[in-house]
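There are 2 protein chains.
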Amino acid sequence: MELTRRQETILEIVKRSGPITGDQIAERLSLTRATLRPDLAILTMSGLLEARPRVGYYYSGRSPNRVVAEKLCSVKVGTIISIPAVVTENCSVYDAVVAMFIKDVGTLFVVKEVGLLEGVLSRKDLLKTTLGGHDIHQLPVGVIMTRMPNVIYTTSDETVWSAAKKLITHQVDALPVVRSATQADGGEGLEVIGRLSKTNITRLFVELGEGQ
Amino acid sequence: MELTRRQETILEIVKRSGPITGDQIAERLSLTRATLRPDLAILTMSGLLEARPRVGYYYSGRSPNRVVAEKLCSVKVGTIISIPAVVTENCSVYDAVVAMFIKDVGTLFVVKEVGLLEGVLSRKDLLKTTLGGHDIHQLPVGVIMTRMPNVIYTTSDETVWSAAKKLITHQVDALPVVRSATQADGGEGLEVIGRLSKTNITRLFVELGEGQ
Chain A
1 MELTRRQETI
11 LEIVKRSGPI
21 TGDQIAERLS
31 LTRATLRPDL
41 AILTMSGLLE
51 ARPRVGYYYS
61 GRSPNRVVAE
71 KLCSVKVGTI
81 ISIPAVVTEN
91 CSVYDAVVAM
101 FIKDVGTLFV
111 VKEVGLLEGV
121 LSRKDLLKTT
131 LGGHDIHQLP
141 VGVIMTRMPN
151 VIYTTSDETV
161 WSAAKKLITH
171 QVDALPVVRS
181 ATQADGGEGL
191 EVIGRLSKTN
201 ITRLFVELGE
211 GQ
Chain B
1001 MELTRRQETI
1011 LEIVKRSGPI
1021 TGDQIAERLS
1031 LTRATLRPDL
1041 AILTMSGLLE
1051 ARPRVGYYYS
1061 GRSPNRVVAE
1071 KLCSVKVGTI
1081 ISIPAVVTEN
1091 CSVYDAVVAM
1101 FIKDVGTLFV
1111 VKEVGLLEGV
1121 LSRKDLLKTT
1131 LGGHDIHQLP
1141 VGVIMTRMPN
1151 VIYTTSDETV
1161 WSAAKKLITH
1171 QVDALPVVRS
1181 ATQADGGEGL
1191 EVIGRLSKTN
1201 ITRLFVELGE
1211 GQ
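Chains A and B are the protein sequences, given in the same order. Letter by letter, the first sequence follows residues 1 to 212 in this note's numbering. Letter by letter, the second sequence follows residues 1001 to 1212 in this note's numbering.
Keep in mind the hints are simulated off the structure, nothing from the lab. C-beta: ideal position from N, C-alpha, C; glycine also. Take these hints with a grain of salt, some might be off.
[What the hints assert, rightly or not] Quick list of in silico lysine-lysine cross-link-like pairs, DSS-like style, CA-CA up to 30 Å: (1) K1124/B / K103/A; (2) K165/A / K1071/B; (3) K1071/B / K166/A; (4) K1071/B / K1015/B; (5) K1128/B / K128/A; (6) K124/A / K103/A; (7) K1128/B / K1166/B; (8) K1112/B / K1166/B; (9) K1103/B / K1128/B; (10) K1166/B / K1071/B; (11) K165/A / K1166/B; (12) K1166/B / K1103/B; (13) K103/A / K1128/B; (14) K76/A / K112/A; (15) K1103/B / K165/A; (16) K124/A / K76/A; (17) K1124/B / K165/A; (18) K1166/B / K15/A; (19) K1165/B / K103/A; (20) K112/A / K1124/B; (21) K1015/B / K166/A; (22) K165/A / K76/A; (23) K1124/B / K1076/B; (24) K124/A / K1165/B; (25) K124/A / K1124/B; (26) K15/A / K1071/B; (27) K128/A / K165/A; (28) K165/A / K1165/B; (29) K1124/B / K1165/B; (30) K1103/B / K128/A.
[Said to hold, decoys possible] Partial chain B-side listing against chain A, Cβ under 10 Å, derived: (31) T1032; (32) A1041; (33) I1042; (34) M1045; (35) M1100; (36) L1127; (37) T1130; (38) L1208.
Model the full structure from these sequences, guided by the hints.
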């Protein structure tokens, strides 16, 4: 939404001097209140200004990018996730690296045989280990992975925006997408149902930019 | 941007019957022209309707998603890039892995001593090599890197959207940001001045979602 120069000026006046009445704004601009009415209506309805009876107009603190922000925050994780690539805890580091190449992913999730989340393996976890002079054919990934409860995860219902914030804050490339699950023995856990990576976010960015 | 029910109705009327004058719209809704003025102004300014003098309002064909798309396509690479992490071609694979950890990046750029782009090293390039039983203390990265002219790159002036599309299409995690440079000996090349990764895109996504 592009503002006219007059609307930008009104916004500036209200930012600096709000709360301020419509008559006071009109006086500063040497215009009549009636002339300003459509501009004030637009600024109020777009959420940039708020109006309170007997007080006047004040700045809402919302930027014109509100439209963009609302759209970006409306997409749910469940709509853009990929298939998770998983290995079990006793898988060797060597086999995990091979799985990473075969499945063409940058992050592997480590699960119990019933599919419950136990840990996460990044490319750098594996790189550090292959460099370290270990016998990677014998070393199980359980020894080097990031283990629950230290794994950052997301759910299908979370917004992509909120999940993206986790990726940045915790400096990880991908999150397992999980749901609560009860095992046959009555134990509780998190079942891995998907993968959300920076690639998914980048692809969404490209799609939204196409106006799709 | 959320439209009010009345604005939605106006949009529907113009979609079906446009071009149509403000008076005609007012008549259909049994409202005065003055009452509708702010609504019509908002619909016009947000790009959903267009107005032509002596013709009336018509539907622009732009969806609210168009507004989002225009914003996403307006950001330039130069505004969000990171510092590049570089090594030279005769650096050993071992030293490159160490540099990747120390500089906390996922992609290294390989440059000639004068800073001109020669190649790119990903985590997976290095992982594949450490797994392969090579002497990584002796093997130079020049042997395993993706070499020019096969390196995908971007410039400060390119839109982030277009660069993001390259990341997805070519399945890479980061692009070197370059500019043309002439060497002392008169040779031409591409000087590496930055790094654009999926992390930069994800961070931008988070910032735009905050309405910043």
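### Query
Between K165/A and K1071/B, is the straight-line Cα distance small enough, at 30 Å or below?
holds, 20 Å
### Message
So if I understand the rule, the pair passes when the alpha-carbon distance is 30 Å or less; does K112/A with K1124/B pass?
### Response
holds, 26 Å
### Task
Given the hint that K1166/B pairs with K1071/B, test it: the Cα-Cα distance must not exceed 30 Å.
Holds, because 19 Å separates the two Cα atoms, which is no more than 30 Å.
### Interface hint compliance - T1130/B to chain A, C-beta minimum distance less than 10 Å
Holds: closest Cβ of chain A sits about 4 Å from T1130/B, inside 10 Å.
### Query
CA of K1128/B to CA of K128/A, is that 30 Å or under?
holds, 13 Å
### Query
Can the restraint linking K76/A and K112/A be considered satisfied, given a maximum Cα separation of 30 Å?
Roughly 27 Å between the alpha carbons, so the hint for K76/A and K112/A holds.
### Task
Sort out whether K128/A lies within 30 Å of K1103/B, counting only the CA atoms.
Holds. K1103/B to K128/A sits at ~14 Å (cutoff 30 Å).
### Query
Is the interface hint for L1208/B satisfied, with its Cβ closer than 10 Å to some Cβ of chain A?
This interface hint holds because 6 Å falls under the 10 Å limit.
### Query
Holds or violated: is there a CB of chain A closer than 10 Å to the CB of I1042/B?
With a closest approach of 6 Å, the I1042/B hint holds.
### Query
Is K1015/B close enough to K166/A, meaning Cα to Cα at most 30 Å?
Cα-Cα ~41 Å, so violated.
### Message
Min Cβ distance, M1045/B to chain A: is it shorter than 10 Å?
### Response
At about 6 Å, which falls below the 10 Å cut-off, the nearest Cβ of chain A leaves the hint on M1045/B intact, so it holds.
### Query
Are the Cα positions of K1103/B and K165/A separated by 30 Å at most?
Between K1103/B and K165/A the Cα gap is close to 22 Å, so the pair holds against 30 Å.
Checked against the numbered hints above, the structure violates hints 18, 21 and 31; every other hint is satisfied.
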